[in-house]
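Chemist: The primary structure of each chain is shown beneath.
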Amino acid sequence: MKRIATILLAGLALGCFVLAQGTLSLTGAGATFPYPMYSKWFDEYHKKNPSLEINYQSIGSGGGIKQITEGTVDFGATDGPMNDDQLKAYQDKHGSGILHFPTVLGAVVPTYNIPGVTASLNFTPEALAGIYLGKVTKWNDPLIADANKGVKLPADDIIVVHRAESSGTTYVWTDYLSKVSEEWKTKVGKAAAVKWPTPTALGGQGNEGVTGTVKNTPDSIGYVELIYAESNKIPYGNVKNAAGVFVKASLAGVTAAAAGAAKVMPDDFRVSITNAPGKDAYPISSFTWLLIPAKFSDAAKRDAIKGFVSWMLTDGQNYAEALSYAKLPKEVVAKEKKALNNIQ
Amino acid sequence: MATTTTTVPSADPVAGSRSFLSRLRDGDEIARLITFLFAASVVLITILLVYELWQGSALPRHQFGFSFFRTSVWDPVFDQFGALPFIYGTLVTSAVALLIAVPLGIGAAIFLAELAPLRLSDTLEFFIDLLAAVPSVIYGLLGIFIIVPLMRRVIQPELKQVLGILPLFKGPAFGLGFLTAGMVLAIMIIPYIISVSREILLSVPRDQREAALALGATRWESTWKVVVPFARAGIIGSIFLALARALGETMAVTMVIGNTPIISASLLSPGDSIASVIASQFKEATGELYTQSLIELGLVLFLLTFILNGLARIMIVVTSKRGSGLGRA
Numbered sequence: 005m006k007r008i009a010t011i012l013l014a015g016l017a018l019g020c021f022v023l024a025q026g027t028l029s030l031t032g033a034g035a036t037f038p039y040p041m042y043s044k045w046f047d048e049y050h051k052k053n054p055s056l057e058i059n060y061q062s063i064g065s066g067g068g069i070k071q072i073t074e075g076t077v078d079f080g081a082t083d084g085p086m087n088d089d090q091l092k093a094y095q096d097k098h099g100s101g102i103l104h105f106p107t108v109l110g111a112v113v114p115t116y117n118i119p120g121v122t123a124s125l126n127f128t129p130e131a132l133a134g135i136y137l138g139k140v141t142k143w144n145d146p147l148i149a150d151a152n153k154g155v156k157l158p159a160d161d162i163i164v165v166h167r168a169e170s171s172g173t174t175y176v177w178t179d180y181l182s183k184v185s186e187e188w189k190t191k192v193g194k195a196a197a198v199k200w201p202t203p204t205a206l207g208g209q210g211n212e213g214v215t216g217t218v219k220n221t222p223d224s225i226g227y228v229e230l231i232y233a234e235s236n237k238i239p240y241g242n243v244k245n246a247a248g249v250f251v252k253a254s255l256a257g258v259t260a261a262a263a264g265a266a267k268v269m270p271d272d273f274r275v276s277i278t279n280a281p282g283k284d285a286y287p288i289s290s291f292t293w294l295l296i297p298a299k300f301s302d303a304a305k306r307d308a309i310k311g312f313v314s315w316m317l318t319d320g321q322n323y324a325e326a327l328s329y330a331k332l333p334k335e336v337v338a339k340e341k342k343a344l345n346n347i348q
Numbered sequence: 051m052a053t054t055t056t057t058v059p060s061a062d063p064v065a066g067s068r069s070f071l072s073r074l075r076d077g078d079e080i081a082r083l084i085t086f087l088f089a090a091s092v093v094l095i096t097i098l099l100v101y102e103l104w105q106g107s108a109l110p111r112h113q114f115g116f117s118f119f120r121t122s123v124w125d126p127v128f129d130q131f132g133a134l135p136f137i138y139g140t141l142v143t144s145a146v147a148l149l150i151a152v153p154l155g156i157g158a159a160i161f162l163a164e165l166a167p168l169r170l171s172d173t174l175e176f177f178i179d180l181l182a183a184v185p186s187v188i189y190g191l192l193g194i195f196i197i198v199p200l201m202r203r204v205i206q207p208e209l210k211q212v213l214g215i216l217p218l219f220k221g222p223a224f225g226l227g228f229l230t231a232g233m234v235l236a237i238m239i240i241p242y243i244i245s246v247s248r249e250i251l252l253s254v255p256r257d258q259r260e261a262a263l264a265l266g267a268t269r270w271e272s273t274w275k276v277v278v279p280f281a282r283a284g285i286i287g288s289i290f291l292a293l294a295r296a297l298g299e300t301m302a303v304t305m306v307i308g309n310t311p312i313i314s315a316s317l318l319s320p321g322d323s324i325a326s327v328i329a330s331q332f333k334e335a336t337g338e339l340y341t342q343s344l345i346e347l348g349l350v351l352f353l354l355t356f357i358l359n360g361l362a363r364i365m366i367v368v369t370s371k372r373g374s375g376l377g378r379a
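Chains as they are written, first to last, in our numbering: chain A, 5 to 348; chain B, 51 to 379.
Check each hint, because a few of them may be wrong.
[Claimed, not checked] What the simulated footprint calls covered on chain A by chain B, stretch by stretch (three residues with Cβ under 8 Å from a Cβ of chain B suffice, anywhere in the stretch; the number is not a length):
| # | segment |
| --- | --- |
| 1 | 46-59 |
| 2 | 192-200 |
| 3 | 212-218 |
| 4 | 298-304 |
FYI, nobody ran anything at the bench for these hints, they're computed from the structure.
We put the beta carbon where it would ideally sit given N, CA and C, even for glycine.
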């Protein structure tokens with residue numbers, strides 16, 4: 005009995021030793037929206053580099069920012085860039101900065117359920133902001149009807165559906181509305197969860213909750229991620245972009261929005277690409293970011309993460325479209341490769 | 051330790067056998083200590099929980115004070131937080147659930163314990179226990195796919211037509227809302243009420259029933275006037291167990307309540323509950339005040355449960371005094 009225990013213990017100790025010698029593991033936490041993409045990447049990268057294991061917890065963007073600031077993970081991930089206060093909090097705690105690296109892009113689309121209407125509706129920014137502010141209350145309001153000549157819209161009340169839980173999707177949606185409506189910006193603002201200004205609105209839990217509620221509720225409108233709408237074949241509307249063109253959301257349209265923004269991309273990559281210029285650009289698009297410390301105390305970890313990011317920017321991008329994420333435009337990839345040198 | 055000798059007379063030390071007995075006693079002491087620690091850990095965990103919730107919510111407690119309970123604005127962008135709509139939603143949905151579940155649950159328990167043949171009763175009990183073990187998200191899905199469309203198309207329009215003059219049934223029929231959440235909760239808690247109440251009724255001594263029957267009571271009279279009052283304390287206990295589950299239910303409620311923090315007299319209106327908003331928003335909450343306000347909501351829910359449990363205790367004491375004079379069954 006005793007001998008068996010000794011052997012087991014010895015084996016365990018040896019195993020730990022081998023593990024500690026052989027593999028390096030990185031932990032990350034954050035955004036849920038890119039989780040399918042990240043788990044695919046980490047898996048593929050592990051196949052190529054068996055000695056590196058990357059664990060990712062999709063606990064939400066807020067959690068990702070919190071954990072990387074507290075230093076409990078090696079990297080974070082977020083759907084909305086960190087604000088100046090958050091950057092300062094990180095700087096104060098660690099004495100060095102944090103870097104944003106865009107990985108892929110997503111988009112948010114308006115989806116609706118109007119009995120008798122099968123056409124793909126056109127939405128102007130004014131109409132979307134008006135509906136969500138509670139000012140456009142009927143489907144046949146001129147703000148909607150003028151953009152949809154030939155579609156017979158009912159005189160029924162519009163029922164607004166939003167995400168019940170705080171989410172990156174809501175962040176992108178409200179970021180867009182803040183850009184196109186001054187009233188939205190001052191009254192509601194942009195965040196992962198906001199106080200919805202309409203007198204009655206319904207909250208759905210997750211993309212599937214919003215879709216289900218819209219499907220179940222006649223005369224309703226909601227917003228969901230493009231990935232979700234595409235894979236579930238949900239009808240969604242076209243949105244008028246900054247160039248005045250009605251664009252149906254597509255992966256190409258999202259990449260076009262990112263390319264339009266690439267010219268004005270700041271060095272820290274904290275950029276919102278909603279309402280981006282360009283006639284092909286879909287206006288409600290967004291990057292999602294990895295948050296990587298500018299300074300690593302562990303050189304092995306530093307080299308591992310740099311290796312992963314440069315792979316993600318090249319070969320990794322080829323996996324994106326199969327999972328319905330939009331690829332990064334070339335200009336952004338080139339800029340990010342340069343920025344990798346800032347990780348020390 | 052020395053005082054325990056009075057309760058264990060055989061442990062009187064006698065020369066020779068002393069070492070054996072004291073060893074035995076030592077074993078008892080160890081067992082006593084260990085089990086005491088286990089019991090104490092429950093109290094410790096409770097204290098720790100309250101302490102953590104209290105510490106974790108310092109910021110909103112200082113900033114909002116009691117207005118946290120009175121105001122109904124919940125605005126994460128402009129850092130304004132009030133708990134009233136969530137408290138209201140929690141209480142209203144739980145009340146609706148109890149209103150539906152208590153008569154149904156107790157009625158079913160009486161049938162199973164007193165009137166049904168034993169084999170049928172045992173078979174049904176198996177299914178009821180199965181229902182009690184179903185995860186709440188399944189009930190939420192049942193709510194979304196079956197109850198919500200049913201409510202929107204049939205039940206709510208009917209209610210509006212018949213009882214539309216009451217403020218309780220005003221406004222558009224969304225299908226989602228307080229009433230639907232209450233109904234889903236009712237379905238969830240009925241198995242608890244049935245299961246516990248049935249056990250309590252079955253444990254009522256046989257001679258109670260026989261005495262009533264011997265005095266010329268009918269079977270129903272003996273059940274309703276003797277057995278049920280005898281088991282009253284236990285039945286109330288089962289109701290409060292069910293209430294505790296309804297108050298804290300998260301997933302099923304958030305899927306059908308509509309998740310809009312408004313206070314409306316209409317049961318057809320969408321609303322929100324404490325557990326539901328914590329689960330929905332905690333994950334992505336940024337900013338100290340926002341996170342801590344959610345933690346304070348947790349504290350509020352804890353207090354609410356605490357108060358209602360206290361009321362249950364008082365109710366049991368009062369009714370058992372007024373009733374047959376027999377304590378807990």
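Chemist: Hint by hint, say whether it matches the structure.
Modeler: Verification of the supplied hints:
1. 46-59: violated (count 0)
2. 192-200: holds (count 9)
3. 212-218: It holds: at least three residues are needed, and the segment 212-218 of chain A offers 3 whose Cβ sits within less than 8 Å of chain B.
4. 298-304: With 0 residues close enough to chain B, the hint is violated.
Consistency with the previously given hints fails for numbers 1, 4, ordered from lowest to highest.
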